[in-house]
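Colleague: Listed below are the residues making up each chain.
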Amino acid sequence: EVQLLESGGGLVQPGGSLRLSCAASGFTFSSYVMNWVRQAPGKGLEWVSTISGSGGDTYYAGSVKGRFTIFRDNSKNTLYLQINSLRAEDTAVYYCAKAWGSGNYWGQGTLVTVSS
Amino acid sequence: DIQMTQSPASLSASVGDRVTITCRASQGISNYLAWFQQKPGKAPKSLIYAANSLQDGVPLRFRASGSGTDFTLTITSLQPEDFATYYCQQYKNYPHTFGQGTKLEI
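Going down the list, the sequences are from chains X and P. Okay, so the first sequence: first residue is 1 according to the numbering used here, each after it adds one. Okay, so the second sequence: first residue is 1 according to the numbering used here, each after it adds one.
The hints are simulated quantities; they were obtained by calculation from the structure and are not laboratory data. These numbers come from a predicted model, not from an experiment. Hints are supplied without guarantee of correctness; some may be wrong.
[Said to hold, decoys possible] Derived DSS-like pairs (lysine-lysine); straight-line CA-CA distance at most 25 Å:
1) X:K65 with P:K92
2) X:K65 with P:K103
3) P:K45 with P:K103
4) P:K103 with X:K76
5) P:K39 with X:K43
6) P:K45 with X:K43
7) X:K43 with X:K76
8) P:K103 with P:K39
9) P:K103 with P:K42
10) P:K42 with X:K43
[What the hints assert, rightly or not] What follows is a list of derived Cβ distance ranges for each label pair:
11) P:Q79 with X:G66: 37 to 47 Å
12) X:F71 with P:N93: 14 to 24 Å
13) P:G68 with X:G66: 30 to 40 Å
14) X:E89 with P:L60: 39 to 49 Å
15) X:N77 with P:S12: 35 to 45 Å
16) P:D1 with X:A88: 15 to 25 Å
17) P:T74 with X:S116: 41 to 51 Å
18) X:G44 with P:D70: 19 to 29 Å
19) X:G8 with P:Q79: 30 to 40 Å
We put the CB at the ideal spot given by N, CA and C, even for glycine.
Work out the full structure: start from the sequences and follow the hints.
Modeller: Here it is in structure tokens:
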């Protein structure tokens, strides 16, 4: 059974940093592209970032490029999102999601709140 | 960036009804189109990938079609558990944009 468990969210001041984690199980993690998607309170879904199975290719939304870094540790079956220079508009639930297409699966999300 | 436009934004229906949600891409995306269902307080769930392929375990009352720029999701014979918000998403080009969502209400 596929499982994705996000962690690392919390309350952080503007300008601060957090590292989100997504622990994966139930599939061959290194074989799959992984994604981060976020959802601000009461709003729709926003794609944030994607990383290839090897970790060698990464892609970012314009709104986070230069501030967020996606990476993975295939030996630990874990996906990460390093988020820096946080802004109020980054407040959202952050979801990790297994590759688009057949077998796509989402974690339950972790809430990041940016506030002073 | 490719813009994804869903319509309607909200929809009222009854159990047993047939409903259709449309999604239009601002440029051609072939069949790189997914549909997701989200219930309040829950993570999105994938229903459809490649424009018309049902994910394992998704009931056959969910049907999807389209290619290029115009896509539809049809739910035949609505069930109580189908009342939720539905999103389309293109994954042809980065950024992988979502539609704004369609809230399906009783």
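Colleague: Does each hint fit the structure? Answer for all of them.
Modeller: Hints and how they fare:
1. Of the supplied pair hints, the one linking X:K65 and P:K92 holds, its CA atoms being roughly 20 Å apart against a limit of 25 Å.
2. Between the alpha carbons of X:K65 and P:K103 the distance comes to roughly 30 Å, so the proposed pair goes past 25 Å and is violated.
3. Pair hint P:K45 plus P:K103 holds up; C-alpha atoms about 15 Å apart against a cutoff of 25 Å.
4. Distance check on the hinted pair: P:K103 and X:K76 sit about 38 Å apart at the alpha-carbon level, beyond 25 Å; violated.
5. Simply put, P:K39 and X:K43 have alpha-carbon atoms about 13 Å apart, close enough for the 25 Å limit, and the pair holds.
6. Restraint check: the Cα-Cα separation between P:K45 and X:K43 comes to about 17 Å, which is no more than 25 Å; the hinted pair holds.
7. About 33 Å separates the Cα atoms of X:K43 and X:K76, which puts this hinted pair outside 25 Å; it is violated.
8. Restraint check for P:K103 and P:K39: the C-alpha separation of about 10 Å stays at or below 25 Å, so the hint holds.
9. For the hint pairing P:K103 with P:K42, the CA-to-CA distance comes to about 14 Å; that is within 25 Å, so the pair holds.
10. The straight-line distance between the Cα atoms of P:K42 and X:K43 is roughly 13 Å, inside the 25 Å bound, and the hint therefore holds.
11. In this structure the hint that P:Q79 and X:G66 lie 37 to 47 Å apart at CB holds, the actual value being about 45 Å.
12. Between X:F71 and P:N93 the Cβ separation comes to about 23 Å, which falls inside the hinted range of 14 to 24 Å.
13. Checked against the hint of 30 to 40 Å, the C-beta distance between P:G68 and X:G66 comes to roughly 34 Å, which is consistent with it.
14. Checked against the hint of 39 to 49 Å, the C-beta distance between X:E89 and P:L60 comes to roughly 40 Å, which is consistent with it.
15. X:N77 and P:S12 have their C-beta atoms about 43 Å apart, which keeps the hinted 35 to 45 Å range intact.
16. Take P:D1 and X:A88: their Cβ atoms lie about 23 Å apart, and the range 15 to 25 Å holds.
17. The beta-carbon spacing between P:T74 and X:S116, approximately 47 Å, falls within the hinted interval of 41 to 51 Å.
18. A beta carbon spacing of about 20 Å between X:G44 and P:D70 agrees with the range 19 to 29 Å that was offered as a hint.
19. For X:G8 and P:Q79, the hinted distance range of 30 to 40 Å is satisfied, since their beta carbons lie about 36 Å from each other.
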